[in-house]
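When we follow the working numbering, the leftmost residue of the sequence shown carries the number 339, and every step to the right adds one.
It should be emphasised that the hints constitute simulated quantities derived from the structure, not laboratory data.
Worth double-checking, as some hints may not be accurate.
Unchecked claim - Under the rule of at most 30 Å between Cα atoms (straight-line distance), these lysine-lysine pairs were calculated in the DSS-like manner:
#, residue 1, residue 2
1, Lys538, Lys428
2, Lys564, Lys583
3, Lys608, Lys538
4, Lys367, Lys570
5, Lys402, Lys554
To be verified - Pairwise CB distance ranges, derived in the manner of DEER restraints:
#, residue 1, residue 2, range
6, Lys538, Lys452, 35 to 43 Å
7, Lys682, Gly442, 16 to 24 Å
8, Glu726, Glu702, 16 to 24 Å
9, Asp497, Val580, 39 to 47 Å
The beta-carbon is built from N, C-alpha and C at its ideal position, and this holds for glycine as well.
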Amino acid sequence: MGEYAVEMLNITKRFPGIVANDNITLQLKKGEIHAFLGENGAGKSTLMSVLFGLYQPEEGEIRKDGKTVHIKNPNDANALGIGMVHQHFKLVECFSVLDNIILGAEPVQGGFLKKEEARKKVMELSKRYHLQIDPDAIVENITVGMQQRTEILKMLYRDNEILIFDEPTAVLTVQEIEELMQIMKGLAKEGKSILFISHKLNEIMEVSDRCTVLRKGKYVGTVETKDTTPEKLSAMMVGRNVSFKVEKKPAEPGEVVLDVKHMTVEGQNKKDAVRDVNFQVRKGEIVCITGIDGNGQTELVYGLSGLEPLKSGSITMKGKDITHTSIRQRSVMGMSHIPEDRHKHGLILDYSLEDNLVLQRYFEPQFTNKFGVLKRKEIREYSDRLIEEYDIRSGQGSATTVRSMS
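Construct all of the structure, not just a fragment, from the sequences and the given hints.
Put into structure tokens, the structure is as follows:
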């Protein structure tokens with residue numbers, strides 16, 4: 339057997355209107371943490387989905403321990419010892435943590451589920467790798483951090499030796515990111531091979547041994563992390579030199595545009611997740627609200643945006659009381675909400691890109707006639723303009739189904 343746990347050789351994957359991976363080669367050494375770097379839309383997740391059997395490549399070859407393998411689905415990948423923690427977790431929300439971990443790999447004897455045996459193995463793995471979970475908690479009620487630990491335990495429960503982490507820090511707090519870095523280092527020391535997808539240079543420099551860079555679906559190069567710098571990696575990623583200096587001018591905030599007084603919002607357990615919170619936001623300033631996951635930040639945003647009613651307190655925006663107004667009314671007044679989970683709360687995945695781009699505005703006269711019929715030509719022109727202005731990368735332009743996008 340050679341030095342590589344997995345080799346992806348000359349992989350090409352196409353979607354309608356776009357080449358997501360164009361003749362990509364990636365070689366993962368045994369026991370290393372290999373970072374996979376690129377901008378959004380560079381093709382990182384697509385290549386990992388090919389390795390995990392979610393997509394089939396049009397061209398190329400995959401080798402495991404030097405032998406050519408054909409991975410037709412995730413079951414094939416798991417059988418080969420390849421596991422993946424997806425950027426958007428693949429958990430059954432109404433199931434318990436334990437049931438999610440063992441789903442598809444349940445120990446059975448005589449037609450009966452040996453659940454206590456599974457529980458024992460899961461808790462041993464939890465203790466060994468410092469992955470704290472509540473096995474009986476229902477997934478929809480647990481924090482994002484615990485959901486990720488559940489996904490990691492799914493891989494370890496199946497004795498996977500090749501672990502893929504697809505942008506694992508995107509939804510974690512600083513403390514949870516530090517814990518994850520230590521977990522990954524510990525797994526690598528035990529001989530597991532890790533592919534770590536990211537576009538955060540500081541994390542790549544801290545945890546990886548080597549780094550492969552993609553740009554617009556093409557292979558740029560592979561470097562030893564210890565021999566490179568964030569500046570060099572960023573230049574490889576975007577194709578030009580990037581300044582890391584941010585010129586921050588002294589703040590000169592204007593009048594108060596948002597005034598929150600005595601806000602109280604209930605959580606899912608009917609207990610107060612936000613209690614008697616007061617703050618103001620002034621014109622031209624950035625206000626940061628921070629805290630460990632599960633301490634009320636989500637409920638606070640839900641209360642502000644109208645997704646959850648206030649138990650008590652008031653919200654004033656531009657001098658008007660919006661405490662009991664609808665989400666649309668707040669949107670029309672100029673309030674927008676970018677949710678932490680865009681798949682669940684931000685987009686309609688099976689709608690086209692153009693339909694998603696006008697979700698907040700479709701009822702305006704420029705997009706709907708007096709009979710309530712959508713003006714398709716105007717919607718297409720509007721979405722095409724946004725795609726051009728904000729460099730939204732999509733295979734079929736405005737007609738692209740959002741689910742297929744990075």
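Verification of the supplied hints:
1. A hinted pair counts as satisfied when its Cα atoms are at most 30 Å apart, and Lys538 with Lys428 qualifies at roughly 23 Å.
2. For the hint linking Lys564 to Lys583, the alpha-carbon distance of about 23 Å falls within 30 Å, and the restraint holds.
3. Restraint check: the Cα-Cα separation between Lys608 and Lys538 comes to about 37 Å, which exceeds 30 Å; the hinted pair is violated.
4. Distance hint between Lys367 and Lys570 is fulfilled; the C-alpha atoms sit about 23 Å from each other, no more than 30 Å.
5. The suggested pairing of Lys402 with Lys554 holds, with an alpha-carbon distance near 27 Å, which does not exceed 30 Å.
6. Separated by about 41 Å at the C-beta atoms, Lys538 and Lys452 satisfy the suggested range of 35 to 43 Å.
7. Range check, Lys682 to Gly442: Cβ separation about 23 Å, and the 16 to 24 Å hint holds.
8. One distance hint, 16 to 24 Å for the beta-carbon pair Glu726 and Glu702, holds here, with the actual separation near 21 Å.
9. At roughly 41 Å, the beta carbons of Asp497 and Val580 sit within the given window of 39 to 47 Å.
Taken one by one, the earlier hints fail for this structure only at number 3.
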